[in-house]
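Protein chains in written order, with my numbering: chain A, 1093 to 1438; chain B, 1093 to 1438; chain C, 1093 to 1438; chain D, 1093 to 1438.
Identical copies look the same in the list; a pair holds intra-copy or inter-copy alike.
For lysine to any residue, the following SDA-like pairs were computed, each having C-alpha atoms within a straight-line distance of at most 25 angstroms:
id : residue 1 : residue 2
1  : Lys1202   : Glu1156
2  : Lys1202   : Arg1159
3  : Lys1202   : Gln1437
4  : Lys1340   : Phe1359
5  : Lys1340   : Pro1137
6  : Lys1340   : Val1365
7  : Lys1340   : Gly1133
8  : Lys1221   : Arg1315
9  : Lys1221   : Gly1184
Hints were generated in silico from the structure; no laboratory data involved.
Residues per chain are reported as follows:
Number of protein chains: 4
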Amino acid sequence: MKEIGRVGFMDKPVPRPGPRDAVVRTTTALICTSDSHTVQGGIGPRTDLTLGHEGVGVVHEVGEEVRDFRPGDRVLVGAITPDWGDLACQDGHPSQSGGPLGGFKFANSKDGVFAEFFHVNEADANMAKIPDGVPDETAVYCSDMLSTGFMGAENGDIPIGGAVAVLAQGPVGLMATAGARLRGAGLVIGVESVPRRKRLARDFGADEIVDFSAEDVVEGVLRLTGGQGVDTAIEALGADATFQTAIKIIKPGGTVSNTGYYGQGEFVRIPRVEWGVGMAEKKITTGLCPGGRLRMERLLRVLEGGRVDPTPLTTHTFRFEEMERAFEVSDKKLDDVVKVMITFQR
Amino acid sequence: MKEIGRVGFMDKPVPRPGPRDAVVRTTTALICTSDSHTVQGGIGPRTDLTLGHEGVGVVHEVGEEVRDFRPGDRVLVGAITPDWGDLACQDGHPSQSGGPLGGFKFANSKDGVFAEFFHVNEADANMAKIPDGVPDETAVYCSDMLSTGFMGAENGDIPIGGAVAVLAQGPVGLMATAGARLRGAGLVIGVESVPRRKRLARDFGADEIVDFSAEDVVEGVLRLTGGQGVDTAIEALGADATFQTAIKIIKPGGTVSNTGYYGQGEFVRIPRVEWGVGMAEKKITTGLCPGGRLRMERLLRVLEGGRVDPTPLTTHTFRFEEMERAFEVSDKKLDDVVKVMITFQR
Amino acid sequence: MKEIGRVGFMDKPVPRPGPRDAVVRTTTALICTSDSHTVQGGIGPRTDLTLGHEGVGVVHEVGEEVRDFRPGDRVLVGAITPDWGDLACQDGHPSQSGGPLGGFKFANSKDGVFAEFFHVNEADANMAKIPDGVPDETAVYCSDMLSTGFMGAENGDIPIGGAVAVLAQGPVGLMATAGARLRGAGLVIGVESVPRRKRLARDFGADEIVDFSAEDVVEGVLRLTGGQGVDTAIEALGADATFQTAIKIIKPGGTVSNTGYYGQGEFVRIPRVEWGVGMAEKKITTGLCPGGRLRMERLLRVLEGGRVDPTPLTTHTFRFEEMERAFEVSDKKLDDVVKVMITFQR
Amino acid sequence: MKEIGRVGFMDKPVPRPGPRDAVVRTTTALICTSDSHTVQGGIGPRTDLTLGHEGVGVVHEVGEEVRDFRPGDRVLVGAITPDWGDLACQDGHPSQSGGPLGGFKFANSKDGVFAEFFHVNEADANMAKIPDGVPDETAVYCSDMLSTGFMGAENGDIPIGGAVAVLAQGPVGLMATAGARLRGAGLVIGVESVPRRKRLARDFGADEIVDFSAEDVVEGVLRLTGGQGVDTAIEALGADATFQTAIKIIKPGGTVSNTGYYGQGEFVRIPRVEWGVGMAEKKITTGLCPGGRLRMERLLRVLEGGRVDPTPLTTHTFRFEEMERAFEVSDKKLDDVVKVMITFQR
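Isolated chain A (complex conformation) (with noise of 0.2 angstroms):
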């Protein structure tokens, strides 16, 4: 990203790591629809910015202090890159480490993981190595999808044989639909109506798809729940509509569990009547994609033990070169596009 609106390939030297940090080699990485939000200016200006926040790679380099890695071995990087000591996360959060969303470095407030070479702080905190049985191509997924996917299954606080309902089944949607069937749902209901993206949900677990191009979404929801509503209803798209569709459909007692990007408006609105009037013990929970090293080991585990296989998400795949290519698929949701991968040379 050179400027608002403007990308292009640049070159920069390779980074060095101060004495508790890592360089790393890029060997796969995944284009993010907040990649193309950042291009359009979502975050405010940036000036030759290196775009990306999913990546896996090789070490490259480690400063002296860094304990646990060397150089050759094949690293997960989550998205989100806490600065450890800080308040926040002494406080439980560490994505908001160094401010509101602070804990989101790449592409931000430092180059990102679009090049052969990326920086990551705190490396001992903030990588794990990726298991042999764990190809690159799989791994890549933890660093946000599934850690922000299954977030949203966690927050929600679904009980074992809950009701949960899933808005959008875009990829975060995709990853909190196999969340929610971690954590136990007995019923998951998929909001969606693209006819791949309908398959992908029933795939990764969804045992319902309420279409909202074919249905009103509150009446889908309530017929499939005897009219009780749900436990927990999963925000994955980022939108005032859905936000309010969410609140309308869960259950007193139950809870909005978001993961969306609101990009757009000064509010999002909560419906007030079906709220409750603010007394029908309806939680409202939100969330930054949970980094570090201890999240990237136990998702590590799931993809290891077998539980969720996320490739089918990958739909397409780029050279490094075809970056320019990689982005219109992406930003213009051209050919289906669920996610598209990026893959450097070895």
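Got chain A; can you put chains B, C and D on it based on the hints?
Then chains B, C and D, alone, in the frame of chain A:
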């Protein structure tokens, strides 16, 4: 309440208890602003409905299956009297038994406590004996004011030494202020402009006051917290603007705990950017006054142990016969009223 | 059970329901090892007590206040049938209503389900309709085995991708294994030595087996977790030695979740040093099988959604008339028994 | 401490800070009974180790990467100084960073605070500025006594109006008593026999005292709770017998929150029957003094807001030069000692 907008005295027969119920002879009651809302049609049309949900008295008659209470017992009854077998209770949300806000029966789905006698469902589960050391005039505050106000603090997940703001220092807000102290808050900021309520706020434990008529509340709270914001904001008014302020003044990872009843508008609005575009881990919880015997026994223990004395809230006392004048004072907020007490002949 | 150590058939009148109760005609039941404990005097002397607490059937008669069930409904009843108005329920512990373990009524404080008919207190709150797709032989596992086993996982506070060990793979342990998977554990280690149970453990989701007859369990678990220990250990046997192992194999900050019934000895012992001299943040939680309609409905949804199929636990089936032989098989653990099913004439 | 059983003054060089560390000139410190345990070999052999972990002082020197502190700042340092990037921190257990109890570094894995200067790792994350209104003699209590005692209350999950017993009213127990009040307990029972400590217990908020030299503790607690038992028992001694009592006096569903260090015996024993044979939902939690800047800042706010004044704990004060006499008083519990303060030349 005879119909929307019209109140007056009526003769009704003394209620009779079902097998597990009780009938209580009222000794003391409190007017709640929600009584006025009801008269104005806030919960829809009602005909010949006895108002009032905050009351204490003496057991007049019990059903044959009631085990723990006898005529003559001095008892407290929660404003909320759940059906304890209901699925919402099994799910941890007794106030939502029988549907959203369904535990709220008095002056809603059945006659209230502004009468010489009132009926209590599931007496063993919904009444509590008042200890000798606690007068009726104190105990009556447990039924709603303490229970709701303290809930605001409890739902707010206040850490010991945490910073809390309580938005509006009406009776519920004042009890939320007391509740924040009870949970160990290190800094309690009361937001209020009325001099009498500002004084009461200090008496109930506010360390600082932000007067919204003299200062921007967001600025005031940031000033008092070194720019950090509070861990918890308790909304105790039920207004869109106040709710927005609450979102703005909590730090990332903080909680807005709502106690307010929102009576107007199609939406309650979340300010998008200050909400961290849905990713700053700012939680929103809501609740309806907890009821039930265990809750009431615990609140009575708070009074018995001298932790809180709610009686300074009583700014006016009327006899039952003076009910119309009492309502006028409460409705029109005459004479700097905080809370109006009604006493019955004993 | 006629008295301690003596069992046999007896004629008793068909029970009649109180106003909120129901009487169920039994179709299918399961023998639990605790039935044998009871016969041996484990819960004290009992005379002419009908045994059995895991049963399903068809509603025979309902009391006049029962709203949601009618004769002919096919129903599941939890092994634990709380008194929902009790203070322990109000405190979030329904299984403890009416005193410690007080929700456990069948074959304890009243007749159990090993009879043509059995009585259910608070039918609307303690029974659940069985969906058409779920046969009685599957549904009956919800009453105790799924509810208790899954509770072991739920109380264990398992993070997604976490490591869990389940100590002993009897019926409850196997359901705890399934439960650990349902909560998203990334690595589930079953501890067991009996070949059939080891195979079942794998089928229900154990990734690894530690055979305590072949290896020290502490060493085995450390080996499989890179020396870290597990996040959660579920004790599913009820033995002092196993409990000690559970403490030893969890990492600092981990949880021992107990499902076992400890029948012997004055003490259950915590190994002091491995417990971190009381400071390693190792938590110990316990529980008694959760009951109630909501729980049963959610467990039925787990079955209906095909998440878990408990029927491989049924190693033996007998007709009600063969009860004595059935008990013999269960008591003496003949023929590699796991779970004995009893069928009734329909 | 020169070796096990032998203490004395030693000359050591003034420590130098690493890039993120600080060195503090000690002004005030407190002797902890665990210092005596250490001398007696409680944590194994140590040679030429400076004792002491409760200290405050003035910043002498900071490393180049330290952002928020400068020489001359008056600072509080927690007894526990975690490595914040450690996996245990990422898991929510900072006191266990670097292994079980690994956050406990002072006078354990490095020199302690009984010296003119001491070293602080990760200064920005482990130190807090002392507000002007809080003298060193008050602030020093935050490092361990308030942090550990309050933790006992926090881990105990005390409901507002709940009943709590605190077993032993030594310095930690007294702060647990204060902590139980801070969390809103309605009834706080102190268990103690020493007259001075009984008086202090009342001063710090105990409503009732059970003197174990005059009455059976279980009977006393049941008497004061109408036969119910307490919601929470805080063990603040570290003795097998006291731990057993704690299990016995909690109600089903209650919590034993441990703060005690268990120095003896192979086992700490749970009384099987009173534990509900493993099924009464009696939880056991443990912890090690929480450290870190956020914790310290919050505790300082508790002092600044006048919630608790710990200074009555200081029964004796000695100058640093009188250290040997100070230790003698503390070790031999001379002269009704509660807490011994050490002052340093300024």
